[in-house]
Amino acid sequence: MGISRYKREISAALAYVVLLVVVGIVAPSFFDGGNIRDLVINNAPALLVAVGMTLVILVGQIDISIGSQFAVASVAAGLLAKTGMPMPFVAIFVLLIGAAMGALNGLLIGLLRLPSIIVTLAMLVLWRDALRWATEGAWVQDLPADFQWFGFGQRTGEIAIVVITLVVFGCFAWSLRNLIAGRKIYAVGSDDEAARLAGIEPRNVVFWVFLIMGGLTGVAAVLNAVRFSSIPGNAGTGLELKTIAAVVVGGTAITGGRGTMVGTLIGLALLGTIATALTFVGINPFWEKAIQGLIILAALVSDVALGRLERDGKYLAAHAGGTA
Amino acid sequence: MSKGSLLSAIRLTKSFAGVHALRGASFDLRGGEVHALVGENGAGKSTLIKIVTGALRADDGEIFINGEAVRDNSPSHSRSLGVAAIYQQPALFPELTVAENIAMGRERSAAFARVDWKARRLMAKELLDRVGARILPDTLAGELSMPQQQLVEIARALGADAKILILDEPTASLSEEDTQNLFRVIRDLRDAGVGMIYISHRLEELQAIADRVTVLRDGQTIETREMSNTSREDLIRLMVGRELSAVFPKRKVEFGDVVFELRNFGSSSSGISSIDLAIRAGEIVGVAGLVGAGRTELAKTIFGLDPPDSGEILLRGKSIHVGHPCEAIEHGIAYLPEDRRRHGVVLDFPISSNITLASLGKLSGLFGLDLGKEKAIAIDYTRRLAVKTPAIYNAVSTLSGGNQQKVALSRWLMTKPSVLILDEPTQGIDVGAKAEIHELMTELAEQGVAILMISSELPEILGMSDRIAVMNDGTIVRIFDREQATQDKILAVALGHLSEPSASVDGGNSSALKN
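Each protein sequence line maps, in turn, to chains A and B. Going left to right, the first sequence walks through residues 1 to 324 as my numbering numbers them. Going left to right, the second sequence walks through residues 1 to 515 as my numbering numbers them.
Just so you know, these hints were derived from the structure itself, not from any lab. Hints may be right or wrong, so weigh each one.
Derived DSS-like pairs: lysine-lysine, alpha-carbon spacing no greater than 27 Å straight-line [to be verified]:
#1 B:388 with B:434
#2 B:373 with B:362
#3 A:7 with B:375
#4 B:373 with B:388
#5 B:416 with B:434
#6 B:252 with B:373
#7 A:7 with B:373
#8 A:7 with B:362
#9 B:318 with B:375
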């Protein structure tokens, strides 16, 4: 027990520390207050999506449609605000729209037992192109005055975004460990038949996880949209890759059943920092995606290697007379 | 080893995790004979066959084929020596044609060699003719009926020049007519010099088809004899003929009222029907039967894993509906499943969360799960059931089989069940843990739990049960009282012989069988 259970999170954290040290030596200006602030604000919405993605992957599924859902939710937020709806209601409405899109995934994947990779691939294309058709590629502009930064001004708005993100993150991190629902997610992700035999209904768990994923995407879209004065129709492109990468780098098993929210936070911080640090270190930012890909591969390989080591360790211990 | 042996297996031993499946079993097959291999569940038939086909490797002992010792056996090696096996469930590729399926065992060419479709079709046709099957070579295998698929498999084996054919329960799902047709093919093959190992639970058909019979019991060869001077009763006697070796800690328990009752219970999707059974508080009812008799299906249907479509479940006289395991748990029904490693526990989960998984509601407090309480409960159960582990947060996968089973059992004890269904509770676990689980069952019975225990081990059934329900073909055909039951009687009924000699007693239930 204890530390060994979190070794994947710890190795991600160590990798992050190494990265920070390297960046600190090569380009100390990276740590300027303004840059760090930008880094945090830029990644706050992605963290909310990554929280949802952690649940989805823990339960043994995947959602690659969230980038498109994010775009739909962003545009919906702008259009609703333009009708004169007060911002708190806009936020709640968009959350519900996101949850509805997630529930649709959940119905198809959880209740009809369709493979999540195909269902969400279809949704990725469907939402993205439906949106393109509806907006004809136009941006949502001329937003009301209380839209940007919720009408608070940049400073307060930024603090609000960070606070909301951290509160939601904290709630989910706590719930995953301390609520029955969290335990069910781990059980279904580990072995859904064993979970079913223990009286858990895997189909319902999968449904709710996708619904939550959609709701969180809605909230993230609002928090992201209010940072700008107009909303592009292609918002959220590549968001699914970024969040899946963060979850995997943070030590969550892609096969489900193992992982933590803190791991995801570390994973996202690692990826976000690399993306920004590249320019500071003097590497062409076009390399960002390629480096993300490399990091995902490295995380998967080290995960498998760790698993092998554990097994071999056990084997050796067992054959050396049980002395570990 | 006798002269002219096609195949002889000599003193084979094989154990799995300390449990002996074979302990010095020998077997001898001549060319041009049908040699039956019989024994109870777990007598070692499958293990013996798997060693011959190279799917398993024996710990000790030797195999000779055509008088030559077989070394480093493997499925492809045994095939090249002319061994082919046909199982109860045909193993054809359903998306390929009959001709392609037959060619699969025969053509051995490089990946880029060109397929000679014409020759392939001709060969298939010729082989199908030999087994008397009127099937077009271009039919997809998946479109064929079960008996047709079986014939294709035999044709495939012949195509691969099989000299030794293993038939594992080939008639289990065949009609009378298809069976007769299969027998004709088997006789033709016998006349052509093929040696066949014939495994079947249908003892009466052995008289019609087998030349010799070998009886296995507890992993040992009991006897090989000519079929012509062997009766069904002789076989049953040879198959059981075992003393109650283990000591079972069964104590007399005062029964309470009927807790659990099934009335005309059935489920067409899982193949069980017209089941009537009542269990009183403190009573242990054993369920005996052969593999495929519907025992596990019965347990799963009661627990809500398969939907029942007839009859009802009564709990303390009230009809209840169970559509899902969580409803079963709410009603106080617990089910310890058969396949422990796959279903009984979540292997990656710590011991503690495995124990509490079915009763998380009991840990729920104002601020979420009470992890302190979980720890206390886990410590309590691991201590009471003597689970040998250094820490309750270790993953269950680190435990031995017996200890994993105790964790699985702890989970169900924590739900405080009034009905406990145990499916092969001691299968594959060591003797010490086995005795502890039996002791625990007796304690639970004393506390008034109604227990339904499925077991393939007759001594366990006889040793632990107050009454014994014997299943065959998806229903309970007979219920014996503890005093009246013997291994011979149970086995005879399980094999489908209702007219067993001393059929004087009846536990209140016997419904007609189809065959």
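Each hint tested on the structure:
no. : hint             : verdict
1   : B:388 with B:434 : holds (14 Å)
2   : B:373 with B:362 : holds (9 Å)
3   : A:7 with B:375   : holds (22 Å)
4   : B:373 with B:388 : holds (21 Å)
5   : B:416 with B:434 : holds (22 Å)
6   : B:252 with B:373 : violated (35 Å)
7   : A:7 with B:373   : holds (26 Å)
8   : A:7 with B:362   : violated (31 Å)
9   : B:318 with B:375 : violated (36 Å)
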